[in-house]
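Chemist: Using the hints, position chain S against chain A.
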Amino acid sequence: MSDEVLVPVSTDADVVAAREKGRELSAQLGFSSIDLTLIVTAISELARNILLYADRGEIVLRLDNDDGRQGIVVVARDEGPGIPDLELAMRDSYSTGNGLGLGLPGARRLMDEFAIQSEVSKGTTVVMKKWAPERV
Amino acid sequence: MAVPILKQGHYLIASIQAALSDSDVLQLQDDLVEQVGRFRSRGIIVDVTALDVMDSFASRSLRGIAHMTRLRGAETVIVGIQPEVAFAMVQLGMSLEDVHTALDLEEGLTFLDAQLKEPSDGER
Chain A
1 MSDEVLVPVS TDADVVAARE KGRELSAQLG FSSIDLTLIV TAISELARNI LLYADRGEIV
61 LRLDNDDGRQ GIVVVARDEG PGIPDLELAM RDSYSTGNGL GLGLPGARRL MDEFAIQSEV
121 SKGTTVVMKK WAPERV
Chain S
1 MAVPILKQGH YLIASIQAAL SDSDVLQLQD DLVEQVGRFR SRGIIVDVTA LDVMDSFASR
61 SLRGIAHMTR LRGAETVIVG IQPEVAFAMV QLGMSLEDVH TALDLEEGLT FLDAQLKEPS
121 DGER
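Going down the list, the protein sequences come from chains A and S.
Its first residue numbered 1, the first sequence is counted upward by one per residue in the numbering used here.
Its first residue numbered 1, the second sequence is counted upward by one per residue in the numbering used here.
Note that these hints are calculated values from the structure, not bench results.
Even glycine gets a Cβ: it sits at the ideal position worked out from N, Cα and C.
All the given hints hold, so there is nothing to weed out.
Pairwise CB distance ranges, derived in the manner of DEER restraints:
id, chain 1, residue 1, chain 2, residue 2, range
1, A, L52, S, Q27, 14 to 20 Å
2, A, S121, S, F39, 49 to 55 Å
3, S, M1, A, E79, 27 to 33 Å
Examples of chain A residues toward chain S, derived with CB under 7 Å:
id, residue
4, D12
5, A13
6, V16
7, S33
8, I34
9, L38
10, S44
11, R48
Extracted from the complex, chain S is given alone in its bound form:
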């Protein structure tokens, strides 16, 4: 199932709704990298609250999204990693290293606003 991406001001918000297959993850990667250019977005939030599992492929792809979009001039924040998922990622040996994370959507927006010094509606 494709991940819906909402445009809000200078931000893109990708809200993962259900279990992701590998091709869904790759599609999300392509979509975000493309839309950053189309909408001249400065920040991206990927909300993974609904994900109950994140294996090495999903983690690596999220890191890829953060790196690729940074090269396109946007900061990415991953929000909503569940406690169980965090536990499993560490056991697995997977870290998101230099990727920004935040507890939830609200914290993610606050983080981007601070990074980009934008008002939270991102309109100006």
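This is chain A alone, in the form it adopts within the complex:
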């Protein structure tokens, strides 16, 4: 399996596909089953955000290596309306969609690193990472 996978997201079946690809790729790194579930849940939240707010976008999954340490990188990209107030969007229970407002702050809690960039009427990109336990 290649170490980068792109999943286009425009239907709710794509959200399921993104989760499955994410699990497959992360499983190569020796994550615990709890970590795998956290990663997959975070992917699911971001993929759904794309559907809810931008209609379409993509999830890119790839393996990363930092000084011998391996991790999974999840990029969620869309060219949707963008987020005017990022600070507000990252707050728990804040939502402009009909979600619970747990998507972004929730995904951040599930992963080790989380960065978001957004420009109004240009789109939103979220990059998040989780590092695998070091192998002895």
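Modeler: Quick look at chain S alone, frame taken from chain A:
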């Protein structure tokens, strides 16, 4: 993939078999709310043992099922939440609050029997 719903006496048992898309979850919600009326069911068990992920949408929809069916006169129990899934739900900030849960199908049936004082075959 649609979730099969079995009718057993006064209970409905929805056994999720595979990964759920959002529309599958909404379909299950509609089906259960409708069947509670059609079969005059008193209890519902939603078995999520096969689910390896439950995000905020799925959790919220399950809670919706429990609330809607309660308004229709039936108690719902969610059974089989996997340990990893429980962990992720708490991290995510998602709780099922006032929704009944049980370890597995057997515990769920015991719970409903106790709640509804029905024999476990639910036939009488």
